[in-house]
Amino acid sequence: MSLSAGRGWQRMKKMGRIWAVARNTFVSAVRMKTAIVFMAMLLILLPILSLTSTGDGTAIGRVQSFVSYGLGLVSFLLSMLTIVVACYTLSSDVKHKRVYSVVTKPIRRFEFVIGKALGVILLDLLLLAVFSGVIYGLTIQMPRFAKTSDEELVRLKNEFFTARASLKRTIDEQALEKQTDDVYKELVRTGQLDESRSRESVMAELRNAAKYNMYAAGPGGTVLWEFKKVRPFDANESLFIRFKFNAAQTPADKSLYGVWYVGDYRQIQGGPETMKTPIYQIPRKDVVGTMREFEVPADAVAADGYLAVGFYNEPMNGTTVIFPIEDGFEVLYKAGGFGGNFISAVLIMFARLVFLACLGVSLSTWVGFPVAILCSLTIFFTGVINGFVVQSFDYLGQNLTIFYSVTIKPLIWLLPKFDQNYNVNKYLIDARMIRFGFLMLAAGVLLLKSLILLLIGFFIFAKRELAKVVI
Amino acid sequence: MVSEKSQFAVETFGLTKIFGDWWGRSRVVAVEDLNLKVNRNEVFGLLGPNGSGKTTVIKMLLGLLHPTKGRALVLGGVSRDPKITAKIGFLPEESYLYPYLNARETLDFYGRLFGLNSKVRASRIDALLDMVGLAGMASRPIGTFSKGMARRIGLAQALINDPELLILDEPTSGLDPIGTKQIKDLIVELAKRGKTVLLCSHLLADAEEVCDRMAIMYGGHIQRLGSVDELLKQTNKRQITTGVLTEDTLQKIRSIVEKHGSEFEVSEPMQRLESYFIEVVRQAHKEKRPTSGAVNRLEATQADATAAVSDVLDRLVSAKVETQKQTEIKKAVETIAIEPDKSVLTKLTQSGDENLTTPVSKIDKPVPDTQKSENIKKNILDELVGRQGLAEDEKNG
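Top to bottom, those sequences are chains L and A.
Per this note's numbering, the first sequence starts with residue 51, numbered consecutively.
Per this note's numbering, the second sequence starts with residue 3, numbered consecutively.
Hints in this document: simulated from the structure, not taken from any laboratory.
Since the model is a prediction, treat every value here as computed from it, not as a measurement.
For glycine and all other residues, C-beta sits at the position ideal for the given N, C-alpha and C.
Heads up, some of the hints might be wrong.
In the DSSO-like style, the derived pairs of lysine-lysine whose C-alpha atoms are separated by at most 27 angstroms in a straight line are [stated by the list, open to error]:
| id | chain 1 | residue 1 | chain 2 | residue 2 |
| --- | --- | --- | --- | --- |
| 1 | L | Lys518 | A | Lys194 |
| 2 | A | Lys254 | A | Lys239 |
| 3 | A | Lys183 | A | Lys194 |
| 4 | L | Lys147 | A | Lys186 |
To give an idea of the chain A side of the interface with chain L (calculated C-beta under 10 angstroms), a few residues [to be verified]:
| id | residue |
| --- | --- |
| 5 | Gly78 |
| 6 | Val80 |
| 7 | Arg82 |
| 8 | Lys89 |
| 9 | Gln159 |
| 10 | Ile258 |
Covered by chain L, per the in silico footprint, the following chain A stretches (three or more residues, Cβ under 8 angstroms) [said to hold, decoys possible]:
| id | stretch |
| --- | --- |
| 11 | 109-122 |
| 12 | 188-200 |
| 13 | 246-252 |
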């Protein structure tokens, strides 16, 4: 009993020491003029931005461009501030020898490093909370600044102030493989194949053809998409179907006629008496080659989450309709609110700042301020174009597989990813739901990387001769 | 490892530090094969010219530098151990403090590192600010402090944990004579209360006054070590100090002494340690011992040395002796200008005096009544050191 109480006391003392360093770092950073300048800049720029953002001129365009620029600005400026403060705080303590009278106190060196990182993270937490709050408030209020028609308000509600889950078609690779294999065997059996061609090249061709056929329909033909586990937020809400199609021969007015069927397709086999959910029939005329979106009531989804979407190619089009593979057909539905989605986006941004804080502190355990800030900035901007970097290294690394996979690949893995899927602005602009799993993964990976960086920092700092003059 | 109850406060075994260059090749031997033993409850002075390795020794003791060879025990353990650092107070050679924090926040920060609870922290901080004479400036940022004021805060942070071992690197640098006197009194007082003080200094007169034992370093080696009496006593000579004598009387004494076959010399008493110190360094220099520090021009006699310094000053300072007087007057004016600082000090050294502001005219008598100052210092020290110190005092008394 007394032993555990003693241990608890020790732990509290340790936390007290870390907290002392964190508080000191926070206070120093706040009293540094740079932090004030950053804050003043944002507090002036954000309201101006909310008044001047026009986007494409529509109400939704205005809000989209404000959120995009506003969050982008906050994220970028806070990243810069974090890098500056994190690189400065520990390296300046070492440079100005303040560390002499700190590490000679009963504080472990790793506790000092944690305290430093924690101080910067606290600063980030505070600033991010303030500025994301400002952005959220302004965004909510923005439709009232300018005259907005009721129609636009409905569109805002459905297409911006919401969080929509997206369903993309998935291809059953195994079934596809089996199907192409059967076709191949049939071709071999009937002797229709050119002897000189390899199996791989034939199979690849067959696979592409099968995929193409799956989402193409001749005049009077149909294309069917099936989805499972569709969970709309509310059955009274709507589903949004986004698609783009091309025509084998583009008609004169560049438009095609079609009928869309949305609902539980399985019910048709059971006969009309088994119908529990409606199947909606929507005739439409759409322009080819552009992204289109239409709305269907969400009660079309079956109780078990099954949803089918069918497209009937009107024979009068007289051409084959192709839904391109890369430009995804998707079904969007409301799965959460704007507020929750906004918080998720801010949390991912926060995880990013935590990473940058740990990066800066870790680097400055062994290099001075100029080198640390240079490295941090390089890593930050690499993170912004991570997809490109990874692709180019993957391409280069193909010939040196083992060497590549043990050396460069882990280092590249350590690099943060701020682009592509991890660009949280895109989710908010398209009102796409940031799924909880994705949030955990994105934040978790960044925190894991931060931890690795801190551990490296602990090791170096514990070994370092702090009083050694390095020229 | 050595047990907690090591008989020495500081003990080094063949401690060596060689600084390498960028490639790791040895370049500078800062400390070589140092075997230093500092007893518990003594004031030990580490003296030596610039670059003789004093600060390097201290940094190795505190784990700020790793020894190239050998090892050091502090209070019977390794200084990286928080259990050991909890009992050490350290004042670096310059006060490296956080400029954004004010005096109270600074001390509070260091107090937290020692895990002191808020009540203890608050009372110790008040007492320490009072002691170093900065109670009136507790909420001013350290960045605006003068060097001497920052030094006082540095001293206060070294004392916040009631250390068993106090390591002071140039404690009086940047301090005015009163501050210097205070620190010396404080060291003596702490030693009386059973603390160990390891002191690094160039200011020989200061060291001579407070140290029980001292070591003089040169070129990374200890040249001499011993108690102040041992080092400075000239056994083959006797000194008789008298009042001023007439030439007649002197002649009589001379004839008596010469009758007994001894030498006779009449001189006015002079600063003793300084000449000894210079002698040690001069000897080491003559023996061409290596040093990584500054190599001074060491003249054959004191008179030559004085002349040489005078020469250098003539070249360095454009003002000659006459104009120096003006500078002195200017200095006096400056002394008046920093009067508020002194009033706080007066408050510190005059117990119970309600009159906080001292009239300007009193400044020419800056040394206060010692008995009173002793009282207030003891009060503050009692508060800082706690009952243990009191009990010991009573036993001694």
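* **Interface hint outcome for glutamine 159 (chain A) [beta carbon to chain L under 10 angstroms]** => 6 angstroms, holds
* To do: So, arginine 82 (chain A) near chain L? Judge it on the closest CB pair being under 10 angstroms.
  => 8 angstroms, holds
* So, lysine 89 (chain A) near chain L? Judge it on the closest CB pair being under 10 angstroms. => Given a least distance of 9 angstroms, the restraint on lysine 89 (chain A) holds.
* Compare the distance between the alpha carbons of lysine 183 (chain A) and lysine 194 (chain A) with 27 angstroms, and conclude whether the hinted pair is satisfied. => 17 angstroms, holds
* To do: With a cut-off of 10 angstroms on the beta carbons, see whether isoleucine 258 (chain A) makes it to chain L.
  => 60 angstroms, violated
* **Distance restraint between lysine 518 (chain L) and lysine 194 (chain A), which requires alpha-carbon spacing of 27 angstroms or less** => Not satisfied, since the Cα-Cα distance of roughly 35 angstroms exceeds 27 angstroms.
* Are there three or more residues in the stretch 109-122 of chain A whose C-beta lies within less than 8 angstroms of some C-beta in chain L? -> It holds: at least three residues are needed, and the stretch 109-122 of chain A offers 6 whose Cβ sits within less than 8 angstroms of chain L.
* Hint check: 10 angstroms Cβ-Cβ cutoff, valine 80 (chain A) to chain L -> 13 angstroms, violated
* For the pair we were handed, lysine 254 (chain A) and lysine 239 (chain A), check the Cα-Cα distance against 27 angstroms. => Given pair lysine 254 (chain A), lysine 239 (chain A) holds - Cα atoms ~20 angstroms apart, limit 27 angstroms.
* Regarding the pair lysine 147 (chain L) and lysine 186 (chain A), is the alpha-carbon distance no greater than 27 angstroms? -> Between lysine 147 (chain L) and lysine 186 (chain A) the Cα gap is close to 26 angstroms, so the pair holds against 27 angstroms.
* Go through the hint on glycine 78 (chain A) and say holds or violated, using the shortest Cβ distance to chain L against 10 angstroms. => 16 angstroms, violated
* To do: Go check the stretch 188-200 of chain A versus chain L for me, would you? Three or more residues, Cβ under 8 angstroms, otherwise it fails.
  => violated (count 0)
Violated hints for the displayed structure, listed by number in ascending order: 1, 5, 6, 10, 12 and 13.
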